[in-house]
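So the sequence lines, in the order shown, correspond to chains A and B.
With the numbering used here applied, the first sequence corresponds to residues 1 to 246, in that order.
With the numbering used here applied, the second sequence corresponds to residues 247 to 519, in that order.
Calculated from the structure, these hints are not laboratory results.
Because the structure is a prediction, the values reported are computed rather than measured.
Where a beta carbon is used, it is the ideal one built from N, C-alpha and C, also for glycine.
Honestly, I wouldn't trust all of these hints.
To be verified - So, partial list: chain B residues that the calculated Cβ filter (under 7 Å) puts toward chain A: (1) Ser-323; (2) Leu-353; (3) Gly-357; (4) Asn-359; (5) Leu-362; (6) Trp-365; (7) Gly-370; (8) Thr-377; (9) Phe-449; (10) Gly-457; (11) Ser-458; (12) Leu-459; (13) Arg-476.
To be verified - Label pairs and their calculated CB-CB ranges: (14) A:Arg-51 to B:Leu-309: 27 to 33 Å; (15) B:Ile-263 to A:Val-188: 33 to 39 Å; (16) B:Pro-281 to A:Pro-218: 54 to 60 Å; (17) A:Arg-51 to B:Phe-276: 32 to 38 Å; (18) A:Gly-121 to B:Ala-410: 35 to 41 Å; (19) B:Ile-314 to A:Lys-69: 55 to 61 Å.
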Amino acid sequence: MRPLLPLLLVPLAIVGCGGGADEPTLTVLGASSLTEALSKYGGSLEGAEVRNSFAGSDQLAAQIKQGAKADVFASADTGYPAELHREGLVGKPVVFARNRLVVVVPKGSDVSSLGDLARPGTKIVIGDPSVPVGEYAREVLGRLPAREREGILANIRSEEPEVTAVLAKVTSGAADAGFVYVTDAKTVAGAVETVAVPPQLQPDVAYAAAVLSGSDEPELARRYVHGLLRGAGGADLREAGFLPPP
Amino acid sequence: MRLRSGFGLLALVAATIAVAFLVLPVVAIFADVSPGRLLDALGETSAREALWLSLRTSLLAMLIVVVIGTPAAYLLSLRRFRGRALVLTAIELPLVMPPAVAGIALLAALGPNGVLGGWIEDAGLELVFQTAGVVVALVFVSAPFFLRQAIAAFAALDPRLPEAARTLGAGPFRVFATVAVPGARQGIASGLALAWGRALGEFGATLLFAGSLEGVTQTAPLAIFSEFSRPGGFDAALALSAVLIVASALILIGVKLLGADRAIEDPAAEGAR
């Protein structure tokens with residue numbers, strides 16, 4: 001028994017680690033596409049220890065509906081925060097950034113326009129219909145001529161749960177093309193090529209953030225959201241390639 | 247153990263906590279969704295398609311696992327060779343490997359840019375984003391469960407039985423098919439059930455290696471994940487979960503019955519131990 005007891009304490013000690021500082025903890029649920037910018041912003045926020053949880057916005061919204069304890073929800077759309085606001089789960093959402101869609105293809109790919117995506121055999125990955133990036137991509141497809149749209153839809157090989165997964169399918173060579181945000185393509189700039197989505201086809205990609213009604217640190221959470229609009233967070237977003245809010 | 251002693255009480259509390267913690271989430275799934283809503287949710291084409299795909303791919307994976315795994319396990323249980331322990335450990339590794347790692351490993355080996363990617367393409371095969379890729383992922387994660395049990399079952403056979411068969415003139419295949427396999431059938435069957443259970447629950451390797459597309463690669467666990475995050479999809483996620491719990495329970499009961507079967511109906515196997 002004697003050698004066993006200290007061993008049992010090890011996991012407890014590990015779990016207990018962190019959060020030992022006096023600083024309050026702020027839990028941020030962020031859309032996958034915000035991973036880089038919000039990690040940087042969170043690390044630089046003074047007076048708080050920021051813990052980030054990144055996933056598809058739809059998944060984060062579902063977690064909040066199931067009672068997840070967090071302070072800030074930063075979504076890749078305005079629909080999910082608005083819906084949660086109607087249900088009283090988050091405060092009034094504010095739009096803090098905009099983005100654009102782009103098609104990523106492996107280096108040396110012969111896909112050079114959206115039209116090429118309709119060629120039979122082109123393996124395309126796209127976001128699941130419920131994740132914002134999937135919805136936006138379908139919006140783009142909806143604005144294409146029917147023939148092109150049908151061709152591209154027939155080439156969709158996988159619907160991924162989040163934009164980072166779409167990107168990974170292309171960088172790993174599994175897929176020939178994927179619809180992601182311009183900011184995601186930037187994170188792997190050397191590894192992929194991009195095919196622009198023309199301005200007239202671009203969806204209105206707006207990111208909204210809101211403070212959770214159940215937040216233990218509402219003051220801090222508001223300061224965090226404010227920093228996304230102007231301040232360090234805004235600067236980190238701009239550096240990652242996000243456009244300023246309208 | 248006397249429950250009135252200090253430790254006895256402590257152990258009773260621990261046992262209660264353990265049982266409650268493990269049973270509660272399973273019960274909650276059924277408490278959270280009424281039978282009517284469950285049936286409604288299962289009536290949706292996407293849910294049915296996911297279950298049907300899970301059934302098809304897992305059964306095909308089990309067929310591959312049994313046909314290749316049984317003779318492989320037989321050989322590995324009989325032969326003593328240098329590095330045997332290493333081989334046995336290596337084939338068991340997927341048991342403890344995180345499923346996401348399994349998916350990455352499969353991509354690195356069989357993906358378009360993988361080690362064997364060129365050969366696979368030259369052979370005109372396609373795995374990534376295809377139902378065949380799901381089967382490959384299922385075989386990879388579930389085969390070790392089968393191999394482990396089957397190797398143990400063959401190793402537990404009384405060595406005098408195959409010897410006697412050989413003396414009577416049976417060839418190696420005949421010994422394998424008529425003496426070894428029937429003798430090890432319980433271990434083989436329980437290994438198969440465990441492997442099947444694992445295959446039905448597979449998520450990470452499938453998503454990373456084969457992707458997720460309704461009717462092609464979106465198995466029931468992937469559909470649960472997708473439904474969970476779809477607005478209003480929680481019911482469907484619960485319903486699919488309930489079906490998988492029932493399936494898993496049936497498989498587990500099957501394993502238990504096979505174990506009981508062995509003790510009651512097969513005194514010869516008991517005597518050999």
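Cross-check of the supplied hints:
no., hint, in the structure
1, Ser-323, "violated (34 Å)"
2, Leu-353, "holds (6 Å)"
3, Gly-357, "holds (6 Å)"
4, Asn-359, "holds (4 Å)"
5, Leu-362, "violated (13 Å)"
6, Trp-365, "violated (15 Å)"
7, Gly-370, "violated (13 Å)"
8, Thr-377, "violated (12 Å)"
9, Phe-449, "violated (11 Å)"
10, Gly-457, "holds (3 Å)"
11, Ser-458, "holds (6 Å)"
12, Leu-459, "holds (5 Å)"
13, Arg-476, "holds (4 Å)"
14, A:Arg-51 to B:Leu-309: 27 to 33 Å, "violated (46 Å)"
15, B:Ile-263 to A:Val-188: 33 to 39 Å, "violated (46 Å)"
16, B:Pro-281 to A:Pro-218: 54 to 60 Å, "violated (41 Å)"
17, A:Arg-51 to B:Phe-276: 32 to 38 Å, "holds (33 Å)"
18, A:Gly-121 to B:Ala-410: 35 to 41 Å, "violated (59 Å)"
19, B:Ile-314 to A:Lys-69: 55 to 61 Å, "violated (48 Å)"
Violation of the numbered hints given earlier is confined to hints 1, 5, 6, 7, 8, 9, 14, 15, 16, 18 and 19; the remaining hints are satisfied by the structure.
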